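K.L.:
With chain V fixed as given, assemble chain W onto it according to the hints.
2 protein chains.
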Amino acid sequence: MKKPILVLAGGVGGSKLIKGLESVYKPKDIFFVINTADDQEFYGLHVSPDLDTVMYVLSDCANSETGWGIKGDSFKVLSSLKNYGADTWFQIGDKDFATHIYRSSQLNKGVSLSIVTDELRKQFGIKHSIIPMSDDRVATKIVTEEEELSFQDYFVKYKCAPKAKKIIFHGVDGVESAKPSPAFKNALDTCASIIICPSNPFLSIDPILKLNNVLSQIKNFPGTKVVISPIVEGKAIKGPAAKIMIELGYEPSSVGIAKIYEGICNTIVIDKRDAKNKSEIENMGFRVEIFDTIMIDLQKKIDLAEFLQSQF
Amino acid sequence: MKKPILVLAGGVGGSKLIKGLESVYKPKDIFFVINTADDQEFYGLHVSPDLDTVMYVLSDCANSETGWGIKGDSFKVLSSLKNYGADTWFQIGDKDFATHIYRSSQLNKGVSLSIVTDELRKQFGIKHSIIPMSDDRVATKIVTEEEELSFQDYFVKYKCAPKAKKIIFHGVDGVESAKPSPAFKNALDTCASIIICPSNPFLSIDPILKLNNVLSQIKNFPGTKVVISPIVEGKAIKGPAAKIMIELGYEPSSVGIAKIYEGICNTIVIDKRDAKNKSEIENMGFRVEIFDTIMIDLQKKIDLAEFLQSQF
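Those sequence lines, one after another, are chains V and W. In case it helps, the working numbering puts the first sequence at residues 1 to 312. In case it helps, the working numbering puts the second sequence at residues 1 to 312.
The following block holds chain V by itself, in its conformation from the complex:
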């Protein structure tokens, strides 16, 4: 039996590659494990932005203009909540509200996040498994000079403007570390290769790696462990990855990305526009592959997925 591929991802950047991988791999041959450290309660409801982005992208109902929510969604509930005096900077559409209401209701009944996610995944007609990194609560906190911000405060409310001094994760940076979800654990134990998506290394991937025993298991993993650089020509395709790299003392480049994943991955895919960095990264001990990693359309996503498949 062919061993499956384990994919680690965050939201927007990760979901692009996942959309390509979905076309290339059969459901039983690949596991998508998604960051949940951005999860936060809004209006008393449990919102899992990265799980939702992946779910909406895989079911072709994502709003690709905004990068969040469902395309063509209306905002009746939010507009009424605003009338009630609620703070509505976190935008949720009506169909999106249904997702959060359903998830919260199931979680409150004691159903695990893994199981709710699987229920929703099936209702969206998605064949591939979407696995939350953990059923335990983990919460990203961006430590700035002045305060400790929740991820969504930092990302949505303050639009990534505050300077990050440090990023910590409540739930895994303490004495007791959150555990990987059962399906993630199983994927770690049975996979043949690991793909780390071009997601934000600090905000999307680090919380996954910091789950109990995950980093050591990946470090000791003997197969191919490939990361796709989310930085191309010194810039992030989307989001604050380059800005945070500078703030935390990394060079914002595919070389800087390689430094972050030194000792974790053995292979890196850098963009063809960064081919000049190849030998420097090879000198760090990586196998370096060069490809067009900017996934502007479905074909580009599939091309990158097929290229990755050819590496294993």
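None of the hints are false.
Since the list can't tell identical chains apart, any single copy or any two copies may satisfy a pair.
Only pairs whose alpha carbons sit at most 25 Å apart, straight line, appear in this in silico SDA-like list of lysine to any residue:
1) Lys243 with Val232
2) Lys19 with Asn83
3) Lys127 with Lys300
4) Lys219 with Met284
5) Lys235 with Gly263
6) Lys109 with Gly85
7) Lys82 with Asp60
8) Lys159 with His170
9) Lys109 with Gly44
10) Lys82 with Asn63
11) Lys82 with Ile115
12) Lys109 with Trp89
13) Lys165 with Ala236
14) Lys82 with Ser114
15) Lys71 with Asn83
16) Lys122 with Asn83
17) Lys122 with Gly85
18) Lys82 with Gly44
19) Lys2 with Lys28
20) Lys109 with Asn83
21) Lys185 with Asn266
22) Lys259 with Cys160
23) Lys109 with Glu148
24) Lys278 with Phe291
25) Lys127 with Ala86
26) Lys157 with Ser74
27) Lys109 with Lys141
These are calculated hints, taken from the structure and not from any lab test. Source: prediction; values computed, not measured.
P.N.:
For chain W alone, kept in the frame of chain V given last:
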């Protein structure tokens, strides 16, 4: 200083008279105390049907055709929840969802139902106070031959078809009785007269009376205590009052209503169509007033409210 009027009411029947009383009394002169024993969680959210009906009616946004919800509301959230496999027999519109989301979110933060209700009341531009009967949870259960049904299961899901053997209230029928809310307690202590709306005596009024000390305080209350019969010509204007009266061994008539309120009220308003019952009810010790109690439009509501005002 003129002493205020205390009004006890449930949802649809109560809100009609309340709409009339709103036109006749200034906000400081009247307290509307509303049944909350029908409250139930749907999709994990705290729904207070009677509070909402009164709030929507007083702010002129109630859907008068259905008797619940907001007029012109859309059902996007509910339709998505249905896709997620949720049981959607309890219909909630999008704007209505915002009410329940806001209320639940505030309750989860530890805000009392009284305070959330007052916040919502203000946002709806309502000047008159809407007071939940209690900040404690009370839950109506309809005991049938086969099972114990929650109020909404009985009322909405099974459309009042099951035969009621007994009606009990979790939260007040046990050893520890739920307390009246602070504003209800204050109204009881300071009011000059009490109006019991033409609401269902078993489902809407009884849970209010069964709150800790309320029944004895009303029994001992020396002022005018007037109930408006919800039964006219042997039938309830709306809802299962007549059906339940028969099931519980009462005659479904204004005489039967008088029997229920014997020792509690000293005055009863019966409909002009029931004038023949006057002397029989007078013989039970009531002052009996006759009026047109079928409130088919706003003027009829105001007429009844003005007639009541003339009694005090």
